[in-house]
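Chains as they are written, first to last, in the working numbering: chain E, 1 to 292; chain X, 1001 to 1270.
Take these hints with a grain of salt, some might be off.
Sample of chain E residues facing chain X (criterion: CB under 10 Å; computed from the structure) [what the hints assert, rightly or not]:
#, residue
1, SER17
2, ILE18
3, LEU187
4, ARG286
Because the hints were derived from the structure by calculation, they are not lab data.
Cβ coordinates follow ideal geometry from the N, Cα and C atoms, glycine included.
Chain by chain, the residues:
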Amino acid sequence: MNFARRVAYRTAMFIVSIFSVVAIWELYKIIGPQDGGKFFGVSVLPRANNTAMPHVSTMLSRYSRPEVRGSDKKIWAVVLSGAWFSLRLSLVGFFLGTTIGVGLAVLMARFKIVQRGLLPYLVMSQTVPLIALAPLVVSWGGKLEIGSFVWPRWLSASILGTFLAFFPIAVGTLRGLSSAPAAAVELMESYAASWKQTLFKLRFPAAVPFMVPAFKLGASGAVVGVVVAEISTGLKGGIGRLIIEYAREATGDPAKVFTAVFGAAALGLVMAGFVAISDVFLMRNRPKESSI
Amino acid sequence: MSAVEVIGASKIFNQGKAQQVDALVDVNLTVNQGEFVSLIGPSGCGKSTLLRLIANLLEPTSGSLMVNNKTVSQARLDQDYGMAFQQAGLFDWRTVSKNIELPLELKGWDKEKRAARAAEMLELVKLPEFANLYPWQLSGGMQQRIAIARALAAHPPLLLMDEPFGALDEMTREYMQGELLRICGETATTVVFVTHSIPEAVYLSNRVVVMSPRPGRITSVIDVDLGAKRNEDTRAADGFFRNITAVREALRGTQAEHASANAIRGLEDR
């Protein structure tokens, strides 16, 4: 009963927020300057004309028209298959990121010296621009030979998803693992529990409320990584490639690129949704106020 | 055979450094089988430290400790004692009966044996209908009873308790004291009990160990002559007040020697 009401409330709020964004967009198109607002020669306000900011209705109706003139492939089908391709790469990236992130967190929780030595590098790794890293990973992957294993090009995009996903997961899990109350740790010590027993019976369960939000960040990070990698390496088949292709047609067909952008956003939502479902499942028996 | 034997135990934190704290100096204490012994004293007198030395959660700087004629580290490995803290410390994600099963799981008991023992312990603390609820659905007093059930689940001969009723209201607290005496009587468990409360110490104990801070040490041990059978009438008996006065005077001695804001605050907690 209570649960159904919460779901209804959330859904209503989601619809309201989407409509407010649409309203703000359209409102700006009415009151905003057509050629952009300039302040001492620096443009600070975006152009409100139909080329830069197509009407929401134009963007939506674009989905039902063909991708290119004369083609019988509707653009929604193209965007959908691109999103599906990128989703699979993102899932691979997310699972690799989860494995690495949780693994590193356990290692750092176990050995304080690893934490002190490794954490600064993890933080530093996230300051490397992904755009610069993408071609490097592709070329490294191309040179990699492990027996008969040949590095597929799509794996490079997944790896970049991993690169963005593992960090929030490692940091969040580490925080969660250290969140077990001192008294509970002492209790496990009094039972002469091994470190592994304490990890699985106390630290991981105690970490769940911290891990779920971290996994959400990791999931959307994986999508961003994959899409950016597709854009900068020109990998065919995914939503990233569609975004650059369509962006080239921005002057003639401005609504087109937005169809792909929304596809990428939906992809992120789907990934975060997977995590949200696991959240409901994992936290079902916890006190309600402790869920973050 | 004594349940607990403490011989010349000392615990110095930050030895040789500026922040050196003499938490315990040259403590000797023997607790007999089936005895209920309370440790009482102002904050910083080392009563919790002494309990943790017995539990082998801390290593003594010098001296030795035995539980059931074993070294304390062996006793800990054998789970010869159960422990309960001020916070019940139940795991939110486990049902009440799974919480009680935790020490048995760690010992490698099989599932049916664990469930049977958990049911038995729930009967003992008179909460059998709550087996499948989660701890956060219970009141503080019930949670503490579950914590005691968990501490006794493996039937340890010794129970170590660190202010287990400190967070409870007065009525619940008195009820819990009665329950603890009943449970320990039924299971013949030896108890070492840390408390701030003089009436609590007197009501529960065969002996009250009075401790003093800076450095932490035992200043006197008072035998409580209230007999074995105690109930709510005991709290109104003359002997109860006489013993309370005796403990209070022993504590006052520790305070006069080391009058300080901390020592007084420690006494006024209760």
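Check: Does ILE18 of chain E meet its interface restraint, that is, does its C-beta lie within less than 10 Å of any C-beta in chain X?
Finding: violated, 35 Å
Item checked: Residue hint ARG286 of chain E, partner chain X, criterion CB-CB below 10 Å -> Because about 6 Å separates ARG286 of chain E from the closest Cβ in chain X, which is inside the 10 Å limit, the hint holds.
Notebook entry, point to check: Taking the least C-beta to C-beta distance, is LEU187 of chain E closer than 10 Å to chain X?
Noted result: Constraint on LEU187 of chain E satisfied, holds at 6 Å.
Check: For the hint on SER17 of chain E, does the least C-beta distance to chain X fall short of 10 Å?
Finding: With a closest approach of 32 Å, the SER17 of chain E hint is violated.
Checked against the numbered hints listed earlier, the structure breaks hints 1, 2; every other hint is satisfied.
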